[in-house]
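**Student:** Residue-level listing of the chains:
There are 2 protein chains.
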Amino acid sequence: MTVTYEEALASVLPVVRVQEVRDVRLSSVVGEILFRDVLADRNIPPFPRAAMDGYAVLWTGKEADTSYRVVGTVNPGSAWSGDAGDGDCIRIMTGAMVPPPFDTVIQVEISQAAPDGAVRFAAPVKRGENIAREGEDVRKGAVLIPAGTLLSPHHVATLASIGQWEVEVFRRPAVAVLATGSELIEPWESAQGPMIRNSNSHFLLAALKQAGFPEVRYLGIVPDDREKIVSKIREGLDCDFLLISGGVSVGDVDIVPNCLAACGVRKILHKVAVKPGKPIFAGESPRSGIVIGLPGNPVAVMVHFHMFIRPLLLKATGAADYLPKPVHLPLAEEAVNNSSGKKFSIARLESKEGETVVVEIPSHGSGDFVSACRADGVFEIPLGTVRLPAGRRVRFFPIWGNFLSKDG
Amino acid sequence: MTVTYEEALASVLPVVRVQEVRDVRLSSVVGEILFRDVLADRNIPPFPRAAMDGYAVLWTGKEADTSYRVVGTVNPGSAWSGDAGDGDCIRIMTGAMVPPPFDTVIQVEISQAAPDGAVRFAAPVKRGENIAREGEDVRKGAVLIPAGTLLSPHHVATLASIGQWEVEVFRRPAVAVLATGSELIEPWESAQGPMIRNSNSHFLLAALKQAGFPEVRYLGIVPDDREKIVSKIREGLDCDFLLISGGVSVGDVDIVPNCLAACGVRKILHKVAVKPGKPIFAGESPRSGIVIGLPGNPVAVMVHFHMFIRPLLLKATGAADYLPKPVHLPLAEEAVNNSSGKKFSIARLESKEGETVVVEIPSHGSGDFVSACRADGVFEIPLGTVRLPAGRRVRFFPIWGNFLSKDG
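If you read the sequences in order, they're chains A and B.
Each step along the first sequence adds one to the number in my numbering, with nothing skipped, and position 365 is 365.
Each step along the second sequence adds one to the number in my numbering, with nothing skipped, and position 241 is 241.
Everything labelled a hint here was simulated from the structure, so no lab data went into it.
It is possible that some hints are incorrect.
If several chains are the same, the list does not tell them apart, and a pair holds so long as it fits within one copy or across any two.
Derived DSBU-like pairs (lysine-lysine); straight-line CA-CA distance at most 35 Å [unchecked claim]:
(1) K406 to K140
(2) K325 to K406
(3) K406 to K126
(4) K271 to K62
(5) K62 to K126
(6) K126 to K278
(7) K140 to K126
(8) K209 to K406
(9) K325 to K278
(10) K352 to K271
(11) K352 to K406
(12) K278 to K140
(13) K228 to K267
(14) K325 to K267
(15) K406 to K271
(16) K278 to K62
(17) K228 to K209
(18) K352 to K140
(19) K126 to K271
(20) K267 to K406
(21) K325 to K209
(22) K325 to K352
As the structure is a computational prediction, the values presented were derived from the model and not from experiment.
One chain only, chain A, in its complex shape:
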């Protein structure tokens, strides 16, 4: 039974088991998923902080009419605790703690030093000016980073600022990768005659590494031989995820689903109304792992690593946001969907005269994965839609884009 792409995701996601917790050093948290809410350990800023270089005064509203005595200097990292009377001020630098009783900082640009060491100001100021108040950014105890966040360098800055040097993150699922096909040889082998080099497994290993799964069990290539496939599948079922490319179509030699059944894998779905990727198989292993069978078509593997597999991996790693998020952008040219399902078309983004448009990349079909190297991602043509006119806004998924250019 063929299901829609959305039904396919909705039927596999609930089967995914979330992993346990582990501690990592702050220097290694980028790409990990936060296990527990991170709370502010103190107010941010932790004290009233000078936002400009200048003079700290106790506001009276008569700053432009008064001559001030400079009774001290306070730099970032030092505290000032002298006595200050009426008409006293202190010199203060950006980032320094504004000591009581002062409540206002007058920027150095409007100050004038008098010959007697006093200082005058050229303009009136507002009370509290040029001070970042204690806790104005964040109050102590507030949630700084919610559990389930995919951690970026920004979060490292936040974690560093509150002194969190060890961080609890979700453990990553173990993943195994297997390629099937008697026509396949490895890249380091010599390719002749009807043999094709295995690119899918090396794509998957690289994409898994990039997505934060560097430790993957690579099971190699297995020919289209039932016994050998079953034996490799049994090895892979030790892992939380087993990703298989090839052998899931209806042809005589596409025997992976049968071999999976023989290994006790419960079929969740086989065939999705999506192009590329129609023969996708998903199942649950006897020890509650997930098995995904992808067609041998390299473009389908590239698309569905991001559109189907990565959401499952992210969910298994505790991520709150695990689905690809589209950007709505207009099509440069008409796009056509001759398939009986949803179509994910590879495309790149181009900007012309202040408008960014989605440019479909013509493909000779399933084997033309070299075209995909020029793509920034995919856009979708919904199931049942045959034609989208130029200019129509589509859901573009920038799954491959690096957003870099020669000319900015």
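Given chain A, work out where chain B should sit, using these hints.
**Tutor:** What follows is chain B alone, placed relative to chain A:
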């Protein structure tokens, strides 16, 4: 002298020295920059390849009127070399080599097996149908991946398919990171009174690691003391890049540019008409390295790692595309630029009713780097523009977005 953001980049980029070459294994090339054009070692596909399961025939135009004798079977990875007469065909599977003299594949769906082992076809077919022709994707010798490409998992697939197991990439520049400020302590130290934890260095280390520079020399924190700063700078000048946060503003304690001059660093620029990041310093070291001084403001550090430093690092690593590429998207609300330069405002992308809009994130100013955790990137308000109305398309740089969501 203050320069524009574009002038700043244009004055530093030519000073950047490109690094040498090194070999890496295919399994480690993601994120590296390709040194030399990669050419196709053979045609892709390397032979006429069946695109469907079916029967290979020699086209006559009378396929629907003929009964065919099935004289063999060919699977992917095997070759067929029998003799075929008129009215002979062979069973063939997707991905298999179509042997001569056959030139057309008729899909299994329109075939009918006769009781005598012969096969008939229900409909006429076109010559060459269901065959991917040799070289139709790529001709032998064509450039598959140009030099200067930032390699992604897609490129790994391409490299694997042509058997390139070792790849020449550009060597990465050595980078040193230094924080200045007497108010700073490290995240693993206890923060009290006027002290602030160093977040900038740990952001930079994490961002460098994410950008493919995992081996960075971290010089720690140096207080606002001329001699100590000079000594640390001398250490950092051994590297190709020295990134310093803090100490570049005009305040009394902002002494980094003076210390750099004392170390023989030639000033390229100091002060850029951009907010945040106005006090940015750039210089060239005696051994032709690049020194960048950033203000201590964490948002400025986060923005300019991507908008100013990463382009330089990418150029030094041989990248053809090194500038951030914008997406043009409409503003959700009016945006204001009170600065005297270009403004980079932090923002997130939201989709509503089929439209993606740029939502500015209100910031309390320089210290509010926690807000940046919710941002997908920055949009620019050009120098001289005070106000952009809601709905106006802006240049949005998705420098921090992961394009993931709860609901797709």
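**Student:** It remains to establish, for every hint, whether it holds in the given structure.
**Tutor:** Hint-by-hint comparison with the structure:
Taking the shortest alpha-carbon separations for K406 and K140, only the inter-copy value of 28 Å comes in at or below 35 Å, while the best intra-copy value is 45 Å. In this assembly of identical chains, the alpha carbons of K325 and K406 lie at most 35 Å apart whether taken from the same copy (26 Å) or from different copies (8 Å). In the homo-oligomer, the alpha carbons of K406 and K126 never lie at most 35 Å apart, since the shortest distance is 47 Å inside one protomer and 44 Å across protomers. For the homomeric pair K271 and K62, the shortest alpha-carbon distance between copies (34 Å) is at most 35 Å, but the shortest distance inside one copy (78 Å) is not.
For the identical chains of this complex, K62 and K126 are intra-copy neighbours only, at 10 Å inside a copy versus 93 Å across copies, given an alpha-carbon limit of 35 Å. In this homomeric assembly, K126 and K278 come within 35 Å of each other (Cα to Cα) only across copies, at 25 Å, whereas the closest approach inside a single copy is 66 Å. In this homomeric assembly, K140 and K126 come within 35 Å of each other (Cα to Cα) only inside a single copy, at 27 Å, whereas the closest approach across copies is 73 Å. Taking CA atoms no more than 35 Å apart as the test, K209 paired with K406 passes in both settings, with 27 Å inside one copy and 23 Å between copies.
With identical chains, the CA atoms of K325 and K278 are at most 35 Å apart both within one copy (22 Å) and between copies (34 Å). In the homo-oligomer, the alpha carbons of K352 and K271 lie at most 35 Å apart only across protomers (31 Å), although the nearest pairing inside one protomer, at 39 Å, exceeds that limit. When the C-alpha separation of K352 and K406 is checked against a cutoff of 35 Å, the pair qualifies both within a copy, at 15 Å, and between copies, at 32 Å. Proximity of K278 and K140 under a CA criterion of 35 Å is satisfied inter-copy only: 31 Å between copies versus 51 Å inside one chain copy.
In the homo-oligomer, the alpha carbons of K228 and K267 lie at most 35 Å apart inside one protomer (20 Å), although the nearest pairing across protomers, at 66 Å, exceeds that limit. For the homomeric pair K325 and K267, the shortest alpha-carbon distance inside one copy (28 Å) is at most 35 Å, but the shortest distance between copies (43 Å) is not. For the homomeric pair K406 and K271, the shortest alpha-carbon distance between copies (25 Å) is at most 35 Å, but the shortest distance inside one copy (41 Å) is not. Taking the shortest alpha-carbon separations for K278 and K62, only the inter-copy value of 32 Å comes in at or below 35 Å, while the best intra-copy value is 77 Å.
For the homomeric pair K228 and K209, the shortest alpha-carbon distance inside one copy (27 Å) is at most 35 Å, but the shortest distance between copies (41 Å) is not. In the homo-oligomer, the alpha carbons of K352 and K140 lie at most 35 Å apart only across protomers (34 Å), although the nearest pairing inside one protomer, at 47 Å, exceeds that limit. Proximity of K126 and K271 under a CA criterion of 35 Å is satisfied inter-copy only: 28 Å between copies versus 68 Å inside one chain copy. Taking the shortest Cα distances, K267 and K406 sit within 35 Å of each other only across copies (26 Å), while inside one copy they are farther apart (48 Å).
With identical chains, the CA atoms of K325 and K209 are at most 35 Å apart both within one copy (21 Å) and between copies (25 Å). Taking the closest pair of Cα atoms, K325 and K352 come within 35 Å of each other both inside a single copy (24 Å) and across two copies (12 Å).
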